[in-house]
Amino acid sequence: MTNFFGHLFLINFAVGVVTGIVQEFQFGMNWSEYSRFVGNIFGVPLALEVLMAFFLESTFIGLWWFGKDRLRPWMRLGSIWLVAIGTQVSAFWIVLANAWMHRPVGYQILDGQAVLTDFGAVVFNRKAWLYFAHVQGSAWTVAAFFVLGICAFHLLRRRDVEVFAPALRIALVFAAVGTVFSATSGHTEAQAAVVDQPMKFAAMEAQWETSESPAPWSLFAAINQGARRNDVSVEIPYVGSLLAYNSLEGRYEGLNQIDERYRQLYGPRDYVPPVAWVYWSFRIMVAIGSLLLLTAFVGLFLWWRRRERLVETRWFLRALVYLVPLPWIANFTGWITTEMGRQPFMVQGLLTVDQGVSANSAGEVLAGLVGLWVVYLALIGLDVYLLSTTARAGVSGRPAAELQAAPAPDYANATYGRED
1 MTNFFGHLFL INFAVGVVTG IVQEFQFGMN WSEYSRFVGN IFGVPLALEV
51 LMAFFLESTF IGLWWFGKDR LRPWMRLGSI WLVAIGTQVS AFWIVLANAW
101 MHRPVGYQIL DGQAVLTDFG AVVFNRKAWL YFAHVQGSAW TVAAFFVLGI
151 CAFHLLRRRD VEVFAPALRI ALVFAAVGTV FSATSGHTEA QAAVVDQPMK
201 FAAMEAQWET SESPAPWSLF AAINQGARRN DVSVEIPYVG SLLAYNSLEG
251 RYEGLNQIDE RYRQLYGPRD YVPPVAWVYW SFRIMVAIGS LLLLTAFVGL
301 FLWWRRRERL VETRWFLRAL VYLVPLPWIA NFTGWITTEM GRQPFMVQGL
351 LTVDQGVSAN SAGEVLAGLV GLWVVYLALI GLDVYLLSTT ARAGVSGRPA
401 AELQAAPAPD YANATYGRED
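Be aware that the sequence shown starts at 1, since it is given in my numbering, and climbs by one per residue.
By construction, these hints were calculated from the structure, which means they are not laboratory data. Hints may be right or wrong, so weigh each one.
Straight-line alpha carbon distances no greater than 25 Å define the calculated DMTMM-like cross-link-like pairs of lysine to aspartate or glutamate that follow [stated by the list, open to error]:
no. : residue 1 : residue 2
1   : K68       : D196
2   : K68       : D160
3   : K68       : E57
4   : K68       : D383
Computed beta-carbon distance windows for the label pairs [what the hints assert, rightly or not]:
no. : residue 1 : residue 2 : range
5   : G381      : S213      : 35 to 41 Å
6   : R70       : G363      : 50 to 56 Å
7   : R306      : A222      : 25 to 31 Å
8   : S361      : M52       : 34 to 40 Å
9   : F297      : P325      : 28 to 34 Å
10  : T2        : F301      : 42 to 48 Å
11  : L294      : G16       : 26 to 32 Å
12  : A222      : P325      : 34 to 40 Å
13  : N12       : R318      : 22 to 28 Å
14  : E212      : F332      : 22 to 28 Å
15  : A47       : E209      : 44 to 50 Å
16  : L302      : S361      : 44 to 50 Å
Quick caveat, the model's predicted, so the values are computed rather than measured. Just so you know, even glycine gets a beta-carbon here, dropped at the ideal spot from N, CA and C.
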């Protein structure tokens, strides 16, 4: 079980490393002014991520995989634990850098650049820890439903039940923990936005004018950004205050009022983000998250009621197969909400997008974007193809395509680890 799902992880890891290398070129190609402005701060967590996490992950995943018939079992176990720890450390430093853009702390502006003055303030930025918790819960959810879908696929065909039945139960526990952790941290994160980024929160609710107290929650809105209003709005009373403050009382500012305040604070321009993108991305994320949370607890309930017969509950297994893409979609829409919600700022209150771009022509930007899309779509296609063929083959089969550097081993019959 461990080596089968570890092989899938290795494929994803290998492709993921390549995507990160390509992404780094964007800092110089399209965002040179941004890099110049934040480099003194942004470079610190990125460097620490490489030194503390990337080398740890890449070294020990190599030992874990290529040393499978050379290392003792406890050495292999320790290696994969270190990889897991490395991924947590990596996530923290990357998210820390991103969170600083949303809530800059521990800096001063010298000669037009943000200079680090308080490393502790950056590390203990509350936005960073909220983002890290939310990303962590989301990662567990993605992993859990990935494993659940593969297990369900094989259990529907009654193949390798002794492997995929226990894997299904383990993944159900992770799915429940991950969805709850993601939902609670996301709720706290949204409440922090009321204070730190009120424009983002107002866009999430398509709230053009300051709400009443208690504030309603928008269930559906036909957004007219040009007229700065909603042509149609369906609202649920009290829920807005409950989500924003955990109370049945409380109001929050509207987009128009915040825009006027920002004009006085930062200068004349439009500070309202693309409201429809933020509004609907947020709702898609929440809807998918709620469905996944419900699915996880339905699975735990079926496990409790049906015990060993859980793996024979075919309607539930079919549902798990179809749910595999949803955690990824929820992650995409969550990041759209986070990043488009702070527009037009790249660094909240300090640097706008138009100030952070490189001095490129429209043609150069388009060519770079097309090139990036081609590379990323090719990598996504390769990743999905290798993962799907390996997952479909299962423990007893042979994948139709493999990574030459890491072919699928004989999961069922090989003895892993030296016992001497």
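Hints and how they fare:
{"no.": "1", "hint": "K68 x D196", "result": "violated (49 Å)"}
{"no.": "2", "hint": "K68 x D160", "result": "holds (22 Å)"}
{"no.": "3", "hint": "K68 x E57", "result": "holds (16 Å)"}
{"no.": "4", "hint": "K68 x D383", "result": "holds (23 Å)"}
{"no.": "5", "hint": "G381 x S213: 35 to 41 Å", "result": "violated (51 Å)"}
{"no.": "6", "hint": "R70 x G363: 50 to 56 Å", "result": "holds (53 Å)"}
{"no.": "7", "hint": "R306 x A222: 25 to 31 Å", "result": "violated (45 Å)"}
{"no.": "8", "hint": "S361 x M52: 34 to 40 Å", "result": "holds (39 Å)"}
{"no.": "9", "hint": "F297 x P325: 28 to 34 Å", "result": "violated (21 Å)"}
{"no.": "10", "hint": "T2 x F301: 42 to 48 Å", "result": "violated (27 Å)"}
{"no.": "11", "hint": "L294 x G16: 26 to 32 Å", "result": "holds (29 Å)"}
{"no.": "12", "hint": "A222 x P325: 34 to 40 Å", "result": "violated (28 Å)"}
{"no.": "13", "hint": "N12 x R318: 22 to 28 Å", "result": "holds (24 Å)"}
{"no.": "14", "hint": "E212 x F332: 22 to 28 Å", "result": "violated (33 Å)"}
{"no.": "15", "hint": "A47 x E209: 44 to 50 Å", "result": "holds (45 Å)"}
{"no.": "16", "hint": "L302 x S361: 44 to 50 Å", "result": "violated (58 Å)"}
Of the numbered hints stated above, those contradicted by the structure are hints 1, 5, 7, 9, 10, 12, 14, 16, listed in ascending order.
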